[in-house]
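J.: Sequence:
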Amino acid sequence: MDTSTAPQPDLTMTDEALIAAEDAPSTTVEALMTDTANPDALEPHSKSVANNHIKSSQPMSSYQTAPETHGQDADMVDAAEEDDTPDGGVKLPAESTEASMNGDASDKRPSIHVTKPTPYTFDLGHLLCIDPNPLPPNPTESVLASTARDCAQALINQLLTTCAITSTAEGVHLNLPAPETKLPREKAVPAAKEPTKWEKFAQKKGIKDKKKEGKLVYDEASGEWVPKWGYKGKNKEGENDWLVEVDDKKERETGEAGDARKAGREERKERVKRNERKQRANERKSTKGRVG
Numbered sequence: 001m002d003t004s005t006a007p008q009p010d011l012t013m014t015d016e017a018l019i020a021a022e023d024a025p026s027t028t029v030e031a032l033m034t035d036t037a038n039p040d041a042l043e044p045h046s047k048s049v050a051n052n053h054i055k056s057s058q059p060m061s062s063y064q065t066a067p068e069t070h071g072q073d074a075d076m077v078d079a080a081e082e083d084d085t086p087d088g089g090v091k092l093p094a095e096s097t098e099a100s101m102n103g104d105a106s107d108k109r110p111s112i113h114v115t116k117p118t119p120y121t122f123d124l125g126h127l128l129c130i131d132p133n134p135l136p137p138n139p140t141e142s143v144l145a146s147t148a149r150d151c152a153q154a155l156i157n158q159l160l161t162t163c164a165i166t167s168t169a170e171g172v173h174l175n176l177p178a179p180e181t182k183l184p185r186e187k188a189v190p191a192a193k194e195p196t197k198w199e200k201f202a203q204k205k206g207i208k209d210k211k212k213e214g215k216l217v218y219d220e221a222s223g224e225w226v227p228k229w230g231y232k233g234k235n236k237e238g239e240n241d242w243l244v245e246v247d248d249k250k251e252r253e254t255g256e257a258g259d260a261r262k263a264g265r266e267e268r269k270e271r272v273k274r275n276e277r278k279q280r281a282n283e284r285k286s287t288k289g290r291v292g
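FYI, UniProt numbering numbers position 32 of the sequence shown as 32, with every residue one higher than the one before it.
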């Protein structure tokens with residue numbers, strides 16, 4: 001069948017526009033497809049495409065197919081350039097910027113004066129603030145934070161108004177009163193140890209600890225401080241005297257004058273040996289008591 005001589009049907013304006021779009025470059029087809037999304041703008045746009053194609057055989061650009069769209073895009077770009085700030089942000093109205101900079105920040109801060117239906121009770125010695133006011137059944141985080149903040153503010157107010165404040169070289173000191181709340185101990189009070197035999201004897205005789213009195217004693221004869229024991233100790237007094245008194249009674253009984261210096265040394269050595277024997281006996285006694 002020869003279709004070259006077959007009569008062609010009458011073309012409407014829309015069909016002519018489609019034929020012109022097929023002959024036009026791809027950019028015109030894309031613009032036409034974009035405009036077909038708007039049914040109201042399809043028919044006038046098709047008419048303009050057909051008329052331009054009849055009058056001129058030159059390829060149509062996308063700007064020729066939709067001049068109104070390009071004009072709107074240019075206006076939007078100009079508006080965006082005017083609103084952009086140098087730092088890349090968005091320019092705000094002058095009224096809102098001035099209000100944010102000159103706003104009263106003090107209005108948003110909580111007051112230092114805390115008032116509650118039931119007053120707080122304090123134990124400043126422990127830095128303790130007791131709030132008897134009940135919390136809501138399901139408190140939120142903001143409610144808990146606000147309650148804790150009020151307690152801390154009330155405690156600070158109480159410290160600054162009731163405690164003595166002194167200024168020293170180290171800084172400002174706030175003197176706390178004695179604690180009122182008795183806190184329980186973690187462990188029991190340790191039991192008192194039974195005193196040893198020496199401690200009982202020292203307490204009975206009034207003997208004090210040697211460490212507290214020191215190792216020196218004042219010698220009135222020489223006017224100097226001398227050690228109590230050891231080299232040149234006070235306990236060796238009289239052993240090195242060049243002149244000693246003879247005991248007449250002892251001389252008559254023994255028939256010898258005797259040596260007072262030698263007798264003093266022997267007595268001191270015997271006293272030391274006696275103390276050592278007692279010390280060993282006490283050690284054996286204490287060891288036997290632990291084993292039993």
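No lab work stands behind these hints: they were computed from the structure.
Quick reminder that beta carbons are idealized off the backbone N, C-alpha and C, glycines included.
One thing to keep in mind: the hints can contain errors.
Calculated cross-link-like contacts (lysine-lysine; reagent style DSBU-like; alpha-carbon spacing at most 30 angstroms) [said to hold, decoys possible]:
id : residue 1 : residue 2
1  : K228      : K197
2  : K197      : K182
3  : K234      : K278
4  : K250      : K204
5  : K200      : K249
6  : K228      : K262
7  : K236      : K208
8  : K187      : K215
9  : K285      : K262
10 : K273      : K288
11 : K208      : K116
12 : K262      : K234
13 : K288      : K215
14 : K197      : K208
15 : K215      : K200
16 : K278      : K236
17 : K205      : K228
18 : K205      : K273
19 : K200      : K269
20 : K108      : K204
21 : K204      : K193
22 : K215      : K250
23 : K200      : K250
24 : K205      : K193
25 : K262      : K200
26 : K288      : K236
27 : K234      : K193
28 : K205      : K236
29 : K269      : K197
Using C-beta positions, here's what the derived DEER-type ranges look like [said to hold, decoys possible]:
id : residue 1 : residue 2 : range
30 : P184      : T162      : 22 to 30 angstroms
31 : L183      : T147      : 21 to 29 angstroms
32 : K232      : K187      : 43 to 51 angstroms
J.: Are the hints correct? Go through all of them and say.
T.: Hint by hint, here is what the structure shows:
no.	hint	in the structure
1	K228 with K197	holds, 24 angstroms
2	K197 with K182	violated, 38 angstroms
3	K234 with K278	holds, 23 angstroms
4	K250 with K204	violated, 34 angstroms
5	K200 with K249	violated, 38 angstroms
6	K228 with K262	holds, 20 angstroms
7	K236 with K208	holds, 21 angstroms
8	K187 with K215	violated, 39 angstroms
9	K285 with K262	violated, 35 angstroms
10	K273 with K288	holds, 23 angstroms
11	K208 with K116	violated, 60 angstroms
12	K262 with K234	holds, 16 angstroms
13	K288 with K215	violated, 34 angstroms
14	K197 with K208	holds, 15 angstroms
15	K215 with K200	holds, 23 angstroms
16	K278 with K236	holds, 22 angstroms
17	K205 with K228	holds, 19 angstroms
18	K205 with K273	holds, 21 angstroms
19	K200 with K269	holds, 25 angstroms
20	K108 with K204	violated, 74 angstroms
21	K204 with K193	holds, 18 angstroms
22	K215 with K250	violated, 35 angstroms
23	K200 with K250	violated, 37 angstroms
24	K205 with K193	holds, 20 angstroms
25	K262 with K200	violated, 34 angstroms
26	K288 with K236	violated, 37 angstroms
27	K234 with K193	violated, 34 angstroms
28	K205 with K236	holds, 23 angstroms
29	K269 with K197	holds, 23 angstroms
30	P184 with T162: 22 to 30 angstroms	holds, 27 angstroms
31	L183 with T147: 21 to 29 angstroms	holds, 24 angstroms
32	K232 with K187: 43 to 51 angstroms	holds, 50 angstroms
In this structure, the earlier hints numbered 2, 4, 5, 8, 9, 11, 13, 20, 22, 23, 25, 26 and 27 are contradicted, and the remaining ones agree with it.
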